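Protein chains in written order, with the working numbering: chain G, 1 to 343; chain B, 1 to 343; chain V, 1 to 343; chain U, 1 to 343.
Please keep in mind that the hints were generated in silico from the structure rather than gathered at the bench. Worth double-checking, as some hints may not be accurate.
Pairs count within a copy or across copies, as identical chains cannot be separated in the list.
In silico DSS-like pairs for lysine-lysine, Cα to Cα no more than 25 Å straight-line [to be verified]: (1) K218 with K36; (2) K218 with K4; (3) K4 with K185; (4) K185 with K36; (5) K4 with K36; (6) K185 with K42; (7) K218 with K42; (8) K4 with K42; (9) K185 with K218.
Just so we're clear, the structure is a prediction, and the values are computed from it rather than from any experiment.
4 protein chains.
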Amino acid sequence: MTIKIAVAGCTGYAGGELLRLLATRDDVEIGALTAKTSAGTKLGQHHQHLTTLLDRDVLDTTPANLAGHDVVFLALPHGASAEVAASLGEDVLVIDSGADFRLESAQDWAAFYGTEHAGTWPYGLPELPGQRERLAGSRRIAVPGCFPTTITLALAPAVSAGIVDGHDVVAVAPTGPSGAGKSLKPHLLGAELMGSASAYGVGGVHRHVPEILQNLRKLGAAAPTLSFTPVLVPMSRGILATVSAPLSGPTTVQQVRDAYASAWADEPFVTLLPEGLWPQTQSVLGSNYVHVQVAVDEAANRLVVVAALDNLAKGTAGGAIQSMNIALGLPETQGLTTMGVAP
Amino acid sequence: MTIKIAVAGCTGYAGGELLRLLATRDDVEIGALTAKTSAGTKLGQHHQHLTTLLDRDVLDTTPANLAGHDVVFLALPHGASAEVAASLGEDVLVIDSGADFRLESAQDWAAFYGTEHAGTWPYGLPELPGQRERLAGSRRIAVPGCFPTTITLALAPAVSAGIVDGHDVVAVAPTGPSGAGKSLKPHLLGAELMGSASAYGVGGVHRHVPEILQNLRKLGAAAPTLSFTPVLVPMSRGILATVSAPLSGPTTVQQVRDAYASAWADEPFVTLLPEGLWPQTQSVLGSNYVHVQVAVDEAANRLVVVAALDNLAKGTAGGAIQSMNIALGLPETQGLTTMGVAP
Amino acid sequence: MTIKIAVAGCTGYAGGELLRLLATRDDVEIGALTAKTSAGTKLGQHHQHLTTLLDRDVLDTTPANLAGHDVVFLALPHGASAEVAASLGEDVLVIDSGADFRLESAQDWAAFYGTEHAGTWPYGLPELPGQRERLAGSRRIAVPGCFPTTITLALAPAVSAGIVDGHDVVAVAPTGPSGAGKSLKPHLLGAELMGSASAYGVGGVHRHVPEILQNLRKLGAAAPTLSFTPVLVPMSRGILATVSAPLSGPTTVQQVRDAYASAWADEPFVTLLPEGLWPQTQSVLGSNYVHVQVAVDEAANRLVVVAALDNLAKGTAGGAIQSMNIALGLPETQGLTTMGVAP
Amino acid sequence: MTIKIAVAGCTGYAGGELLRLLATRDDVEIGALTAKTSAGTKLGQHHQHLTTLLDRDVLDTTPANLAGHDVVFLALPHGASAEVAASLGEDVLVIDSGADFRLESAQDWAAFYGTEHAGTWPYGLPELPGQRERLAGSRRIAVPGCFPTTITLALAPAVSAGIVDGHDVVAVAPTGPSGAGKSLKPHLLGAELMGSASAYGVGGVHRHVPEILQNLRKLGAAAPTLSFTPVLVPMSRGILATVSAPLSGPTTVQQVRDAYASAWADEPFVTLLPEGLWPQTQSVLGSNYVHVQVAVDEAANRLVVVAALDNLAKGTAGGAIQSMNIALGLPETQGLTTMGVAP
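The shape of chain G in the complex, shown without the other chains:
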């Protein structure tokens, strides 16, 4: 069987990464590629790296153009997904890499996004307990945010095992500007970013905060709190999250390692590194892998976890394809086995 896919919003970074990962699959046919203002251009003008697709036409994002596909990926600005999704049949698998259908709380949505809540779709983070069952056969999937994927995976085994209870979590996460998309803003210019690190969204205002807290609650945290600070650093891709939380009681690093090793024994993409190795983003560049390492800081009474992933791959497009594989009953790792491009 060949899966015919369409990408709405193909000119952005998420769209490009979906196509990079899908274009070489034998079981996938690349169907309609659509956009809004760029309709009428060639894909190569937006993604020179998609060598085999350079001459493909970018079509307008219309129900007619998106019709007739098995899977439609939405890589649209926040707020635009609901209308497009509504035009697609219920038998079509629609996978939204935007935020619109991630949050369960309409109140959280309003507080952080300021618009009306579109609803909630099954959440595309298969590593959450019971989540694979919810995704299997689903025809609507909300891809998690890149920081929520990183930080949730960094803490999940510790919260599940009661090593931490999820209160007073502090996460600081250097990342590259590809997560901000192709927005033409001065602070995203290369001249401004190269050779410089800068924090943004400081003080609890980043839109991924409620999503992370929602995940921690699903993992069993009764009243999680989170201080989260993303930091722009001079690399195109990657997230390197340092996440710490107060220990619930005396814990050795070996106990933590055991909990993580056990939790991820059967996970294909999440890897607890051997002792002595600390995650680095280049190790997962372009791949669907997540690298994790743990430490116990006795003097500060905190568990410290460092996690690395590629924000466009596992953090967006790779995660989306992993969920697609599950929803369609394919092997979960299909098309996602390449390793990080390093050095």
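Starting from the known structure of chain G, fit chains B, V and U onto it as the hints suggest.
Showing chains B, V and U alone in chain G's frame:
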């Protein structure tokens, strides 16, 4: 059939890239991984990105450890390949990513490397005329240097078509430090390289000069000359060569495009970009593709060609695997179809 | 005496660099800072690094606001300088960092800029023969382009000494995106530029070509030709030009070194590096220095010169201030003696 | 009066930065430049950016060579300072940029450095309460570590004002590899660092932890605790620390701003940025300035402070010179007023 491969010199960048590209192939079994001073360590200490191979043992580079493989890749310092190769049977495919067996002229070898010439093996650049035939069934292959691959492919159609005759070629090629390997030298430290560009090997002394001239002669250039300057720039991988040469006579850019399009119509990995797009190294990062674009500078009477490739992929390990595929009668693109990781 | 200066176009990179270099001078008073669309904002919104000027108001670029200054720097888009300059008195020193008044040939201007030629002002490259005399006392100065400064200084002693005659010059120059200003274009985004090298303006179409040829003619080249290719690489600032040209006759590298050492013996900012050292852009970062090294490629019969400078400092704002110092009769190096920020 | 200075350990990054900042001062004479293994070389082989000092000889680090200077800067590996200092007269100002004399607790020293405690010298952080008085006239000064300077300045006003009490401080600090010096280690190679972020010294083991806690206690914290994680990111210089701590009670961001503005009203180098601007390392590159911004995260009940400085300038050499100025009774800002080189 499963191809059992070994890598001698597995801890360096070339060795790591070979394993990255081979580890996910169904038709390849990763056999012995060997090194010299690092024997006894784990592969993960050298290549954190090789997620599925982190716990593999690094063995000593001995004939016994390298015995029993279908293919042995040599990723050794210059001068070390001959002895290891001599210990391997003639039925074993030996692919050397070093320089030892590239040059046909013992005099050139002596002038640029200062040691005794080891000999000449079939040259692993399938895009040269008639080269695929020489590689098919071969059991010894010399992988070209990364700059020779770039500059030769940049000029090949123009030399073959007589657009230029190969004299007074000027090539300047920004590249990343991964091409220099893991040498522990001050000028290769991150602090020195980030935010800075610097030339090296200036004035005709770079060891790739005679190899490039050898290739130009094979393409038909009677008396090629080359001014070549590599430039270190702040990126880990990639070569972006700007190559120019005097036009043999009045030539339009369309004539040049036609010659290149025709020459590469059936080449799986070399791509003349659509008009208006200029090569960028990120577009081929981690991939086996080469991107090329051409211009005619009438006022300066020069053909100008820009070519981009990944020095560790098509420039070393990808090119090696492409040649392996040909030598073993496999589809030439097997395991090499992923596209560049961008942005 | 205190020199009261104004900057028209203060929000761009050239404007910022002028202020960085002038703000700490005891003999300079920072007067009006003006802009067009950003009038009404604070300077700190555009230049966070100008610590002591963060709260300064950005005024509108009007004759009234620019009146009453000893020196007015114009850091405006091409084509905008003439009108502003016309409103300033003839006794005011007006220094234009734009291209409008650089070219002497109206035909060249039309061919490369496509608009009407504004005229020609004294050219602010004091290192050209006789140029200091032309700048002394001048009240109108055109600051050279950053590539023309680099390439002209790379070749000047060789052309003057007849080592090369200026025909068939080939220059390839990696540079950072700050030279393109704060233009909000996708290819200047950090995500696109980091980790990548790409050529642009290939084939003789870059606007600095006629300016470089004009300089070579002034140095004595009868019929200079130039193949020039700029290359964007991942660093904010800096130009590293590799410039080569056919040797007029047999020449040793020592003869070349002698010519350069002699030509620059009294130049405060141009430095022929000791033998064995090759220019690197970090060595001149933020400084007004130019570093140069030479080689003779006998086999290719070319002189090869590598030159490094900071495109915003010596290449724009530093060069402008150097000319200001000369025009006002101040010590030429005043305020320009800091060395490159490395590593 | 001219101050004659010597630098022991002149070939490293700290030594180079001291010379960069001192070489252009009219009131400073550059005396002996010494090193150990590099004695007999020229300074230009180690610091190409020190244009005016390229031909200076590197002498051996001996008492004879260091004799006869007003100020001797020690930029040596940890553990080497005591012996050199003992050979210098008590009237000579000795400023140690190493760690040897920073800690007051011999127990802390033993726990984190594993050798015998050398003693304690006046601590060169003038922004600490009462510290300028201790430094005035002193002839021995211990320069603070780069992370301690950053994190202490980030928290000082909040601890002094009782906004936080110093317990459960969490600091995560992306930085560049220049802080690690010119150590020839694989993980510091440019190929490994460019395009990648990685944590190190995780879990409370970094040697700067006890120094930071010592400073917090001096500021009035009764029982401070600290979880500190440095992160290597792809820039040569700079520290961007995100520091958070539980609020002692309900606090508005305006109250915090008032406390910081008040505390730093007279500080020449520490700047609370205007509201809306967040620190970025390029803004302080090469300068002695520290940029700070604050937020209150009510939901997480934490004060969040972001601070940026240049680890080699204010974090090492600039701070050292600031202390020298104070010790010698010179204006504190002498030679340190240049602003950050951005973009």
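When the hints from earlier in the document are held up against this structure, which numbers fail?
Of the numbered hints, 1, 2, 3, 7 and 9 do not hold.
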